[in-house]
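Q: Residue strings, one per chain:
There are 2 protein chains.
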Amino acid sequence: MNVASFFPENIKAALKNIPPGEWIPELPEDCIRLHCGYPAPALVPDKELKAAVASLLEEERDLPLHYIGSPNILKLKEQIKKRLEERGISVSEEELLITSGACQAIDLIARIILDEESIVAVESPTYMEALEIFQNYTKHLISIPVDKHGLQTDVLEEILAERKRNGLAQPRFLYTIPTFQNPTGTTMTAERRQHLLELADSYNFLIVEDDAYGELSFYKNLPTLKAMDKMSRVLHIGSFSKIVAPGMRIGWIAGAREIIHASAWFKKDLNHPFAQATMAVYLANTDFEAKLLTLRDTYRGKCAVLLSALEQYLPESASWYVPEGGYFVWMKISGVDTSKMLAAALAEGVSYIPGKYFFMNQADGTEFLRLSFSYEDEKEIAEGIRRLGRVVEAGL
Amino acid sequence: MNVASFFPENIKAALKNIPPGEWIPELPEDCIRLHCGYPAPALVPDKELKAAVASLLEEERDLPLHYIGSPNILKLKEQIKKRLEERGISVSEEELLITSGACQAIDLIARIILDEESIVAVESPTYMEALEIFQNYTKHLISIPVDKHGLQTDVLEEILAERKRNGLAQPRFLYTIPTFQNPTGTTMTAERRQHLLELADSYNFLIVEDDAYGELSFYKNLPTLKAMDKMSRVLHIGSFSKIVAPGMRIGWIAGAREIIHASAWFKKDLNHPFAQATMAVYLANTDFEAKLLTLRDTYRGKCAVLLSALEQYLPESASWYVPEGGYFVWMKISGVDTSKMLAAALAEGVSYIPGKYFFMNQADGTEFLRLSFSYEDEKEIAEGIRRLGRVVEAGL
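First to last, the sequence lines map onto chains A and B.
Numbering-wise, the first sequence is residues 1 to 396 according to this note's numbering.
Numbering-wise, the second sequence is residues 1 to 396 according to this note's numbering.
Take the hints with a grain of salt, since some may be wrong.
Which copy is meant is left open, because identical chains are indistinguishable; a pair holds if it fits in one copy or across any two.
Stated by the list, open to error - Distance condition first, Cα-Cα at most 30 Å in a straight line; then the derived BS3-like pairs of lysine-lysine:
{"id": "1", "residue 1": "Lys164", "residue 2": "Lys230"}
{"id": "2", "residue 1": "Lys50", "residue 2": "Lys77"}
{"id": "3", "residue 1": "Lys379", "residue 2": "Lys148"}
{"id": "4", "residue 1": "Lys291", "residue 2": "Lys139"}
{"id": "5", "residue 1": "Lys12", "residue 2": "Lys81"}
{"id": "6", "residue 1": "Lys47", "residue 2": "Lys148"}
{"id": "7", "residue 1": "Lys16", "residue 2": "Lys148"}
{"id": "8", "residue 1": "Lys268", "residue 2": "Lys291"}
{"id": "9", "residue 1": "Lys77", "residue 2": "Lys16"}
{"id": "10", "residue 1": "Lys47", "residue 2": "Lys332"}
Calculated from the structure, these hints are not laboratory results.
One chain only, chain A, in its complex shape (with noise of 0.2 Å):
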């Protein structure tokens, strides 16, 4: 029986969408992994959450293992304020949602925001994840261009403009990832934040801030797009996965209570006890301040090793941004298809996602790639980019 003729016809195009194949295909043995967002595993605490779990279970017993009855489920929203204190940030308990990571809370805004006739605006480029979940709502995409100084909200106003001018529905939101940007590395200015923000308000969209690496700054930081907001137009994700272990899957959405009450009503896979109870007694347990410093440290210096085997391996036709945090380094070779040139990376032992996963239009990352300095060490880094220098130079 074909099952299939019972999915409704937006699911059926939804499932079109789906990409034929993996963003890279199995990697060779002893391959360098320059492609994968994973925190190092050295910063990934694995002592402390196994004496996380001894302790919990000790003390409460099956509590944490219900439904609901652990109090560390409750005292984790205490501790996500706490980091979103850090990012000027203050909520109150109706205005924060714990969800499954940052995936989860972009889904569920989307769900509860989008339907078939709506816009969205996204960066150009920005997270695969964020554009494949989009498009299982709506069609309407609109991206606009990021440069060195993240999204160029002049380019946005003048696309808002016209599409005003031309009686066009304006967006829902906008989706961005101001700080620290994914795949590109880049942080918004403070002009062009305030400048956004002005437009959410000529304009009337909502702005969606994914702030997965807002914490990982190798200097100083600016104000959250959401510490800015005054309108409630704001909703900001925040996620554990970059600074604790993605494998835990917790995340969270601050917003107006409206926004949080609709997204808690949507979804449907109920609290994690089990999870959130253990993060939050790793958190108490954690000095968390000094975790970030060591977490910032480790990241600056990986970066620099990246950033100077560039230097070093990378002909003239290969450009790149200069992140200033994070966990990724956004990089241009004129001239070259980076999704050819893809296979003889892997032969050579380096790997990297080619840039047209990125964009809507896959045409416009062809010379892209980007490179993570996250998961290896300093050592494999440096023989990552030699190998990749060589794969380049090969092919000019």
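Got chain A; can you put chain B on it based on the hints?
A: Then chain B, alone, in the frame of chain A:
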């Protein structure tokens, strides 16, 4: 700013269905909890899960804390296949999706099958969360009554035949808990199961079989609908919530590969490596068949205590179904509004869930209530029913 103005019409409509309060109000201290479908605390393997985390993280370090990496995530699928085989179901890798509990499984299926025009058939009464979920997608729910032999398939047939005569659309799927149903505790007979499958073929609809309680049989067990399903019409949902621990949030869907493929695409909370790898290690270290015998013995004993207390303490006006497994006993008290009686019961120190919440048309549930024997120990159960008897007598 009114952010709610950004919600599409279907979301606004769904939000109107949010119940104003909880199913039961805050419990007084020392209340005997006969409302809650939690496993017995003594049967929740907190020590074993603590040991599982310790051995997992000692052996694999950071692997289960990344997005992907622990071989135990794959092993969990093998463990679930073993559980399915015990239910007479054999599936391939591509016919199985791990979810965050049965709730997420129900939501994903609704997500990929239903649109605003779709008809869904549900048992009456049925699992309250399922009713909430379906109403997020469509207003068109059809209730099919349950009696002590489970879903009344003859009534279903009449309804389907009449809809056909009238040229009305048929249900996309029927949602059923055929084994130890929530809330009635009833089990659909083999004849009715066969009849239901024939109806699904004749009238071309899918069957969503929620088997969350299926392994908790006191005596023997009937074949699952999925085991009898020759046409891939059955989407089978299972869970570790009732047999291990709900706080782990692990369930699954077994069904046609198109269904699994689509569900996986719309499941945007990703995998939960820490919880899933922990479960895999726990299962690998556990004689689960022996564990199931203990579960069945314990719940059979508790159920017997509850039933005998009902005989002893409840007046003639009360009647109930005798379950052959699961967590619940469904009771009717003629002439009593169980919602109104709840305050008196809580004041007396015993809780239950008023029957109305399990019905699309809540008025149908006025005289019913759900008792759970899963959570409290035998002594408390007997005392709880003694208290309930006093409340019912006083009200008469």
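Q: Each of the hints needs a verdict: does it hold here or not?
A: Hint by hint, here is what the structure shows:
Taking identical chains as interchangeable, the C-alpha atoms of Lys164 and Lys230 lie at most 30 Å apart only when both belong to the same chain, with a minimum of 24 Å there against 56 Å between chains. Within a single copy, Lys50 and Lys77 get their C-alpha atoms as close as 21 Å, and across copies as close as 24 Å, so both meet the 30 Å cut-off. Proximity of Lys379 to Lys148 under the C-alpha cut-off of 30 Å is restricted to the intra-copy arrangement: shortest distance 27 Å within a copy versus 69 Å between copies. Within a single copy, Lys291 and Lys139 get their C-alpha atoms no closer than 42 Å, and across copies no closer than 50 Å, so neither meets the 30 Å cut-off.
When the C-alpha separation of Lys12 and Lys81 is checked against a cutoff of 30 Å, the pair qualifies only between copies, where the shortest distance is 28 Å, while the shortest distance within a copy is 40 Å. Taking the closest pair of Cα atoms, Lys47 and Lys148 never come within 30 Å of each other, the shortest separation being 38 Å inside a single copy and 52 Å across copies. In this homomeric assembly, Lys16 and Lys148 never come within 30 Å of each other (Cα to Cα): the closest approach is 33 Å inside a single copy and 45 Å across copies. Within a single copy, Lys268 and Lys291 get their C-alpha atoms only as close as 33 Å, which misses the 30 Å cut-off; across copies the closest is 29 Å, which meets it.
For a Cα distance limit of 30 Å, the shortest separation of Lys77 from Lys16 across copies, 27 Å, qualifies, whereas the shortest one inside one copy, 38 Å, does not. In this homomeric assembly, Lys47 and Lys332 never come within 30 Å of each other (Cα to Cα): the closest approach is 39 Å inside a single copy and 53 Å across copies.
Hints 4, 6, 7 and 10, counting from the list given before, are not met by this structure.
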